[in-house]
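*Asks:* These are the residues of each chain, in order.
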Amino acid sequence: MTKILTEHEAKKLLAKYGVPVTEERIAGSADEAYDIAMELGMPVAMKISSPEIPHKSDVGGVVLNVKEDEVKTTYAEIIARIKKAVPGASIEGILVQQMAPPGHEIIVGLKKDAQFGHALMFGLGGIFVEVYKDVTFRVVPIDNSDALSMIAEIKGYPILKGIRGRMPADIDAIARVLVSVSDMAEKENIIELDINPLIVSESGAVAVDARAMVE
Amino acid sequence: MLSSIFEPKSIAVIGASNNDTKWGGRILKNILSDFKGQVFPVNPKEKEVQGVTSYPSVLDIPYEVTMAVIAVPVQLVLNVVEECGKKGVKGLIVVTAGFSETGNAGLELEQKLLSIVKKYGMRMIGPNTLGIVNEPAHLNASVIGRLPSPGPISFITQSGTLGLAIADWTIDMGLGLCKVISTGNKADTDDVDLIEYLDKDPMTGVIAMYAEGIKRGRMFMEAARRTKKPIIAIKTGRSKRGAKAVFSHTGSIAGSDEVYSAAFRQAGILRVDTIDEVFDAALAFSCQPLPKGNNVAILSNGGGASIVATDECERHGINIVDLAEETKEQIKKVIPGFASASNPIDTAGTVSFTIYSEVIKALLKDRNVDALIVIYVHTLMSNAIPPAEAMVEIKRKCPKPVIACWMGGKGTEEGVDILKSGCLPNYSVPERAVKALAALIRHREFLETVKARATGES
Numbered sequence: 001m002t003k004i005l006t007e008h009e010a011k012k013l014l015a016k017y018g019v020p021v022t023e024e025r026i027a028g029s030a031d032e033a034y035d036i037a038m039e040l041g042m043p044v045a046m047k048i049s050s051p052e053i054p055h056k057s058d059v060g061g062v063v064l065n066v067k068e069d070e071v072k073t074t075y076a077e078i079i080a081r082i083k084k085a086v087p088g089a090s091i092e093g094i095l096v097q098q099m100a101p102p103g104h105e106i107i108v109g110l111k112k113d114a115q116f117g118h119a120l121m122f123g124l125g126g127i128f129v130e131v132y133k134d135v136t137f138r139v140v141p142i143d144n145s146d147a148l149s150m151i152a153e154i155k156g157y158p159i160l161k162g163i164r165g166r167m168p169a170d171i172d173a174i175a176r177v178l179v180s181v182s183d184m185a186e187k188e189n190i191i192e193l194d195i196n197p198l199i200v201s202e203s204g205a206v207a208v209d210a211r212a213m214v215e
Numbered sequence: 216m217l218s219s220i221f222e223p224k225s226i227a228v229i230g231a232s233n234n235d236t237k238w239g240g241r242i243l244k245n246i247l248s249d250f251k252g253q254v255f256p257v258n259p260k261e262k263e264v265q266g267v268t269s270y271p272s273v274l275d276i277p278y279e280v281t282m283a284v285i286a287v288p289v290q291l292v293l294n295v296v297e298e299c300g301k302k303g304v305k306g307l308i309v310v311t312a313g314f315s316e317t318g319n320a321g322l323e324l325e326q327k328l329l330s331i332v333k334k335y336g337m338r339m340i341g342p343n344t345l346g347i348v349n350e351p352a353h354l355n356a357s358v359i360g361r362l363p364s365p366g367p368i369s370f371i372t373q374s375g376t377l378g379l380a381i382a383d384w385t386i387d388m389g390l391g392l393c394k395v396i397s398t399g400n401k402a403d404t405d406d407v408d409l410i411e412y413l414d415k416d417p418m419t420g421v422i423a424m425y426a427e428g429i430k431r432g433r434m435f436m437e438a439a440r441r442t443k444k445p446i447i448a449i450k451t452g453r454s455k456r457g458a459k460a461v462f463s464h465t466g467s468i469a470g471s472d473e474v475y476s477a478a479f480r481q482a483g484i485l486r487v488d489t490i491d492e493v494f495d496a497a498l499a500f501s502c503q504p505l506p507k508g509n510n511v512a513i514l515s516n517g518g519g520a521s522i523v524a525t526d527e528c529e530r531h532g533i534n535i536v537d538l539a540e541e542t543k544e545q546i547k548k549v550i551p552g553f554a555s556a557s558n559p560i561d562t563a564g565t566v567s568f569t570i571y572s573e574v575i576k577a578l579l580k581d582r583n584v585d586a587l588i589v590i591y592v593h594t595l596m597s598n599a600i601p602p603a604e605a606m607v608e609i610k611r612k613c614p615k616p617v618i619a620c621w622m623g624g625k626g627t628e629e630g631v632d633i634l635k636s637g638c639l640p641n642y643s644v645p646e647r648a649v650k651a652l653a654a655l656i657r658h659r660e661f662l663e664t665v666k667a668r669a670t671g672e673s
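Chains as they are written, first to last, in my numbering: chain S, 1 to 215; chain W, 216 to 673.
These aren't lab readings, by the way, just hints derived from the structure by calculation.
There may be inaccurate statements among the hints.
[To be verified] Derived, one-sided and incomplete: chain W residues facing chain S with beta-carbon distance under 8 Å:
no.: 1; residue: H464
no.: 2; residue: E473
no.: 3; residue: V474
no.: 4; residue: A477
[Said to hold, decoys possible] With the C-beta cut set under 7 Å, the calculated list includes, among others, these residues of chain W facing chain S:
no.: 5; residue: I429
no.: 6; residue: G432
no.: 7; residue: R433
no.: 8; residue: M434
no.: 9; residue: F462
no.: 10; residue: S463
no.: 11; residue: T465
no.: 12; residue: G466
no.: 13; residue: S467
no.: 14; residue: A469
no.: 15; residue: A478
For each residue, glycine too, the CB sits at the ideal point set by N, CA and C.
Could you put the whole structure together from the sequences, leaning on the hints where they help?
*Replies:* Listed below in structure tokens is the structure:
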């Protein structure tokens, strides 16, 4: 039996293997959302949480950079949009999370291949993965040196090194995430997993969005 | 033991026929034409097949039978295999089709077949195979028209027809083959078994593969990593994307092909795009040592060809190395004053035994140079033979790889023949020569990395 994890569940799983994830909690009401947001610090990201909606932004389920005076209204707006776009979907609430610091957008993923087992993917995320598919693969398990060679072999590597005065990415932090994801592949019976994006700054990386299908 | 199939003492051909347009007729004919051991046709309707005493069943053969080739109608296969088991036959080549390749009913039949094979402890190639060739044993238990020339290349092919056409073509290419194995449905013997077998086979030096799908992927990777012999594979299906309706980005990008590429690279397998590249690389492996590094020198009598070679080197990360001053001085002594003594070396159209001989000697002596590409471009003013003779003479004593590229048509043929007889790999265009060299370099890298790790030598 396959099971789709919500973003929050997927991140809990990642955190168990040492992948840093955004601080976040699920709110069941507008008031609760406000309290969580105050606790996390403004601005926040607000995202619909439903196992039936893996592609949250396609249905208007994601609002970023929400300020203090917008939290409650945003809560109501997201719920209203989802009820219209995906009638009958079971809604766990709204995930309220810290906004990630600025950084490079990275994608890290897993896919279970019928013949070779789990393959780990790494590449530049955001528009880069959509358009250029600048990614590389390894059959897991991998160690830290494999992770470093994966990072170094994509075309966009100079971007991560900080080309023309741009902020360099914390390469070791990415490598740690790759090894952690490699470790969880078989133990958690992952069928597919995306961390997209993993935001990587000069010091550290954090999984901002994730989805997973397990069996 | 797979050796019972590749090196049998005696062979029964079940479904043997006098008609050599039938599988059982053609394969019997091929076996009889070269194989030195005993051969027993089995055909209940004939007393003699192709001039050899025939038996109604394998159980009626009064001698020991090591291996049986089975080419009977599909509904008779299980019964025949059961008889082979009772007879004590050790290896089977099941040519008959109509098993898992046809769907669920066929798959069930194949599982029954496999259980009989296992019950008697036999080994099987197929079903749905076009047979095997083992040149050192003079065994052509296949439908290839002739035995290939001897050599170190063993070729595993999932497509029977493609494999056999290629095997035939290698003869004209002047490539030497050791074994050709049409794997068929791989019900028993699969790629893992074959890699392990060929790794231990002293006659095999290079493994070439045409694969459509790999069974037991992880074990295949392990087997490939453990062998020090180069494996060159063409894997089809590059054009196919992953499934369309997917859950994740990773799922949409990670088609089986991307995973294959990663797995092959991690296992130290050279994956190439074309059939030409498989055998171009196999040719280089079969007669040249591995280079110590990726620094190459190029010698040519024409600037254009060496520029093409230089560009291709760059594409493959091969370094056109700066020559030692001493080397340049030596080269200047033999080439015309207006020609270039820097790498790539251009003799500006002049060709002679002495020029090629002296320049090649100087280059090979240079400690910066790991490998050499020697190009000869045919013109009406030059002769393809002397430079070929120069290469062959020097090559005999040289531990560095030397790759030849004799360009031109009929005028170069005699030179090319000299290169071939001197065991120098020759290619018709510079890009092919460079790609073959790139394969040698890549394999050396694999030996130092993934393969060293697998065998605990790092």
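*Asks:* Under 7 Å is the threshold here; is the Cβ of A478/W close enough to any Cβ of chain S for the hint to stand?
*Replies:* Holds, because the Cβ-Cβ distance from A478/W to chain S comes to roughly 5 Å (cut-off 7 Å).
*Asks:* Hint G432/W vs chain S: min CB-CB distance below 7 Å?
*Replies:* 4 Å, holds
*Asks:* Is the interface hint for H464/W satisfied, with its Cβ closer than 8 Å to some Cβ of chain S?
*Replies:* At about 5 Å, which falls below the 8 Å cut-off, the nearest Cβ of chain S leaves the hint on H464/W intact, so it holds.
*Asks:* Return the status of the interface hint for M434/W: holds when the least beta-carbon distance to chain S is below 7 Å, violated otherwise.
*Replies:* M434/W check fails; min Cβ-Cβ to chain S is 10 Å, beyond 7 Å.
*Asks:* Is the shortest C-beta separation between A469/W and chain S less than 7 Å?
*Replies:* Because about 4 Å separates A469/W from the closest Cβ in chain S, which is inside the 7 Å limit, the hint holds.
*Asks:* Taking 7 Å as the limit, does the beta-carbon of G466/W come near enough to a beta-carbon in chain S?
*Replies:* This hint holds: G466/W lies near chain S, its Cβ roughly 5 Å from the closest one there, short of 7 Å.
*Asks:* Once the shortest beta carbon distance from R433/W to chain S is found, is it less than 7 Å?
*Replies:* 6 Å, holds
*Asks:* Do the numbers back the hint for T465/W, that is, is its least Cβ distance to chain S under 7 Å?
*Replies:* Because about 3 Å separates T465/W from the closest Cβ in chain S, which is inside the 7 Å limit, the hint holds.
*Asks:* Does I429/W pass the interface hint, meaning its C-beta sits closer than 7 Å to a C-beta of chain S?
*Replies:* Check passed: Cβ of I429/W comes within 5 Å of chain S, closer than 7 Å.
*Asks:* Would you settle whether the hint for A477/W is holds or violated, based on the nearest Cβ-Cβ distance to chain S being less than 8 Å?
*Replies:* 4 Å, holds
*Asks:* Classify the hint on S467/W as holds or violated, based on whether any CB of chain S lies nearer than 7 Å to its CB.
*Replies:* Since the shortest Cβ distance to chain S is 9 Å, the answer is violated.
*Asks:* For the hint on V474/W, does the least C-beta distance to chain S fall short of 8 Å?
*Replies:* 4 Å, holds
The structure shown violates the earlier hints numbered 8, 13.
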